[in-house]
Structure formats: structure tokens, C-alpha cells
Amino acid sequence: MPDPLIVCNAVEFSYSAPSPLTPDPRVLRGLSLAVHRGEHLAIIGPNGSGKSTLARHLNALLRPQRGTVLVRGIDTRDPAGVSLIRQTVGMVFQHPESQMVATIVEEDVAFGPENLGVPHAELRRRVREALETTGMWEARDRPPHLLSAGQKQRVAIAGVLAMRPECLVLDEATSMLDPRGRAEVAQVVLELRRRGTAVVSITHRMDDAAAADRVIVLDAGAVRSEGTPRRVFADPEALRAVGLDLPPAAALAAGMRRRFPTFPAGLLTVDEVVEAVAASLPARRDR
Amino acid sequence: MTGDPGAVTPQSPRPVAASAAIEIEDLWHTYMRGTPFEHPALRGVTLHVHDGEVVGIIGQTGSGKSTLIQYFNGLMRPIRGRVIVAGHDLGSPRADVAAVRRAVGLAFQEPETQVFERLVGDDVAYGPRRLRLPFHEIRERVRWAMEIMGLPFETFKDRYTFTLSGGELRKAALAGVLALRPRVLVLDEPTSGLDPRSRDDLRARIEELRDREGMTVVLVSHDMEEVVRLSDRVYVLHDGAVAASGSPREVFGDAARLAAAGLAPPEAAQVVQRLRDRGYPVREALTLEEAETALAALLERTR
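Sequence order for the protein chains is A and B. Just so we're aligned: the first sequence equals residues 1 to 287 in this note's numbering. Just so we're aligned: the second sequence equals residues 1001 to 1303 in this note's numbering.
Chain A extracted, bound-state conformation:
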């Protein structure tokens, strides 16, 4: 297996010094994990588990106080490497407005690469590709503030994609979106995976996490467990212990399994549960 794209090794971080109120203010407590090239990794955990702090370590917005974060082998504490790291790992946050700068979609997407000094012809090609990947090319002439929340979030993603990152970090990027907006962003993530861009989704939505290749559960600033969604969601008690739960369809499947021990384990989606129920029934009677 090639080297991971990002390696976090025993990372510790706190925002403030210890005080009588908070004797141990560490938000990250010896956290270690890797992000592999081209994978879709979901990071879940309760509020305060350190998810967003971790996200900000992945492209050197924050630097570890102990331990190391290496992006393509470059230590994020090395000031000379920051610009390359930020081109390698792009971030999109919960509120897309906070990272929009221009009055027209196309100009907003061009802002990042333009500042990198990308030549004009290449710039146009990148902006077009980024807007097509996110399905926003048709809206390129529109002012971003008149778009829907899902569309704005897709423009924010396009702005990062135009920098040609190897990894896109979505920090709660779908938490303010309606079901359709979430589906739009999920579609973009699928497309990115097809093109070999790694995606790290930090999310409270267990159904979003169920769509990833790999899930990492954070609790109190460290990795509590990790594995395929099927493995992680196969242990509802462990999830509940850290204040998480199952995606809704998986919760229904887990309930069925409590009643019928022969009911299949590890089901995650509506489709899977429907098929499992149908399969455990004799051929249906004609209506």
C-alpha cells in the first residue's frame, strides 16, 4: 500500500492553559489516524469530541502542540510547507457564506487558483471542471447569495476543487442542508471518489457516515474505534456509550435482530432492510 496522504501521530492540542475550572483543557489527547489517497473517510463523534479541531489540523489551520501531522510527508509545523499543504488539503465548512468572496459564482470559484498564479487558460479550464463536477456550471453567472443553501455549499466545494486538492475535508458541510441539498453534496462526493480525490466528511449524520468507505469514531479527543461502516454500526451499544446512534434504517434492522436472532446483521440502508425482510419471508401471496 502506498504511503497515506495524511498521517496524524499522537496529536495533542488545547485552546487554553490548564485552570482550576478545566484542569485538563486538551481537546485532542494523543490522537493518531491516517487518511489514505482516494478514500472516503467519515469521522463521527459527539459534540466536543474534537472533530472540528482535528479537521483544522489536516491543512495546518491549527498545528499540534505535541505529536505530528504529516501531509504528503510534510510536517504541518514547517512554515515553508504550509502553502503546499493548503493546496493538497482543501476545507469546506458548515456555512458556505463564510468562504465566499466574489459577487458572481464563476469569479468566486476562480479566486483561489487565481491567487496561486494559475495562467488564464488553465484557470478557465479548472473553473469549468470544478463547476461541472459540482453540477453548478449552469449557475456560473449568478450571484452566490441568491442560490439555495445546497447550491452555495456546492459552489464552496467548487472553489476548493479549482485548487486541485488531493483531499477535500467537509466539516459539518451538510448539517444545515435539507434532504435534497444533502443528496446533492453526496452526489459530488461520489464523483470526487470516482476521480480519485480523497474526501474526509466530519458529520453528525449517521446516514452520511454509512456511505463512506471507512468510519472513525472520536471520543474525548482520541480514536475510539474505526472500520467499515458495516463494522462500526454493527455495535450499537458501543456507539450509544459515546452518545452516537445508528442511521435510522440500521436502527430498524437492529431492532428486528433483537426480536429475531436470525435476522441479518450489519444492514445500513433502506434498500438492504427491505431486501432482508423480503428474503426472510416465504414467496409473497398474490394480492
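Just so you know, the hints here were simulated from the structure itself, not pulled from any lab data. These numbers were taken from a predicted model, which means no experiment stands behind them. There could be a bad hint or two in this list.
Said to hold, decoys possible - Beta-carbon label-pair distances, calculated as ranges:
1. A:D75 <-> B:R1278: 53 to 59 Å
2. A:R259 <-> B:F1135: 54 to 60 Å
3. B:P1152 <-> A:N9: 40 to 46 Å
4. B:Q1070 <-> A:G266: 20 to 26 Å
5. B:L1131 <-> A:D271: 37 to 43 Å
6. A:T22 <-> B:P1152: 17 to 23 Å
Unchecked claim - Cut-off 25 Å, straight-line C-alpha distance, at most; resulting in silico cross-link-like pairs (SDA-like, lysine to any residue):
7. B:K1157 <-> A:S16
8. B:K1157 <-> B:D1201
9. B:K1157 <-> A:T22
From the three backbone atoms N, C-alpha and C, an ideal C-beta is built for every residue, glycine too.
Following the hints, position chain B against chain A.
For chain B alone, coordinates are given in the frame of chain A:
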């Protein structure tokens, strides 16, 4: 939980008071009127909120939900259509907007960003103090609001706000709105961004407000599980108009109409509906618990 599903009859979910807390009739709203970006946000919305009921409002982003709730406490005044809140006609230039704002407590998305006092108790007391209520009354209101939000008064009143968790801070912010003792509480995405445990806890608090206090609540949410669990009646907004309304059972039972508005029933209900569509004799279900019972009955019967 909402209890026995059979107890909810589609026509009259709960006894309804004679006068509505909020009456909206044929309300229209256009943003940036007279410019090339002119776009209608509300097109003839009619909606009633009766005292003591929880009304869910669902719809895609851009369907008009946020515009609509700004009419509920007089942040916007009707140009076309009728808006009567707590008996005050907001179309009249002489309407007592201050009274309307006292009657309707509006909790915007992420209300914790508006917490600014150092101590939790002071933050919750901010509104009642501005109403110049007597000291003991302020204290009682703050105590009541904090207790009902699950922040025990004695434990939390002297806590620094910055030491609260995300879920606790959200509850403190909502307690601040409740302490105004509004006739109607409007919650815009109350649980978005919370982890599952804090989310379930806050939902249980809202349930308690409904069941124990008989609070009138308008709930705007993208989370269909939440809307099903908490609402007596639901309005579906689509393109600025009411696309459907009724009990959760009526609204979520009509999957085609819901899909046309860009929405889908809760996942558990989808599983049951898909099996029904394929001809399996399974009882209709809306919540996780109902779906589990219905599927268990199906599997038992054919065993």
C-alpha cells in the same frame, strides 16, 4: 414517544381553542421587487396555529419557511395577505408590534451564538429583566425555563456560559426565549448541529413543553423523524405555497406528494411503504417503534 398510534385520528389531532394564536391568510411576499432578481418567496400561504398545538413546517431550503416565520413576530409586515398574531392584525399600521413580540418567542437557528452573558442564569434572565419584571418574578421564570430545558437552576445558574457543552448552550439559549413566557414558541431547526445524544435530549425537552406545559410550538425542521415525533399537525411548503397539510400520518402517508415537494418520509416509514408496495401484508407505520412492531408482526405471522 407519541404513544398509541391509534390514538391519533387524522381529522382532529387535539382539541383546538376557538381563536388561533397565529392566523395567516393568503400571504404573498416578493424579494427584490422591481429588480431583475425579483423572486416570489410566498405565494398565497394560508396557515393557522391554534393554542396548545405543535405545528411542524417542512420544506426544502428556499421553499419560504424562513420568510414565513419572520411574519410570526412582526419582523415583516404583510403587503398582500392577512397576518393576525395573538389577536393583533399586523397589516394595520397601528398594530402593537411590541405586544406581538412578547406573544411570540422566536428562536433562530443556532441560538447559542446569541448567548453573551458570563453566567448562565444572567443570560436566561436577560429578556425578563428587559421587561422590568419584579425580581422574584424574574427569578421564578428563569428557574422554570432552566428546569424545563433540563438545566437544574441551582446547578447551572452560576456556571460560566463558556464552560457549557454545545447541547447545554443551545438549551440555555432556548431557556432565554422561554423565560419571556411567550404564547407561541417558534423553533427554527432546534436540533441541527447537535450530536445524537444532545439531539434526543432536546427533543424530549420539547415533548415535555408540549405535554406538561401545553405550550404552543411552531417547529421548522429538515429532520423528518423529529417532525413526526413532535408535531400534531404539519404544513409542507413548496415554492412558497402550502403543498400539503394535516396530521403527520396524513402528510407522510402521501409519499408522492411529499416527493414532489423534494422531501421523503422517515427511513423506517420508507421500509414499510416499500414492502407494502411490493404486496406484503404489513401495517402502515410512521415512527421507528411502529415500523419495528409492524415488521415483527409480519415476520411472526409468516413464520
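Verification of the hints:
The beta-carbon spacing between A:D75 and B:R1278, approximately 56 Å, falls within the hinted interval of 53 to 59 Å. The hint said 54 to 60 Å for the Cβ distance between A:R259 and B:F1135, and at roughly 56 Å that hint holds. Judged by the Cβ atoms, the range 40 to 46 Å given for B:P1152 and A:N9 holds: they are separated by roughly 42 Å. Separation of B:Q1070 from A:G266 is about 46 Å and departs from the stated range, judged on CB atoms against 20 to 26 Å.
Taken as a hint, the range 37 to 43 Å is violated for the pair B:L1131 and A:D271, whose Cβ atoms sit roughly 54 Å apart. In this structure the supplied range 17 to 23 Å holds for A:T22 paired with B:P1152, their Cβ-Cβ distance being about 21 Å. Pair hint B:K1157 plus A:S16 holds up; C-alpha atoms about 24 Å apart against a cutoff of 25 Å. The hinted pair formed by B:K1157 and B:D1201 meets the criterion: a straight-line CA distance of about 20 Å does not exceed 25 Å.
Simply put, B:K1157 and A:T22 have alpha-carbon atoms about 18 Å apart, close enough for the 25 Å limit, and the pair holds.
Of the numbered hints stated above, those contradicted by the structure are hints 4, 5, listed in ascending order.
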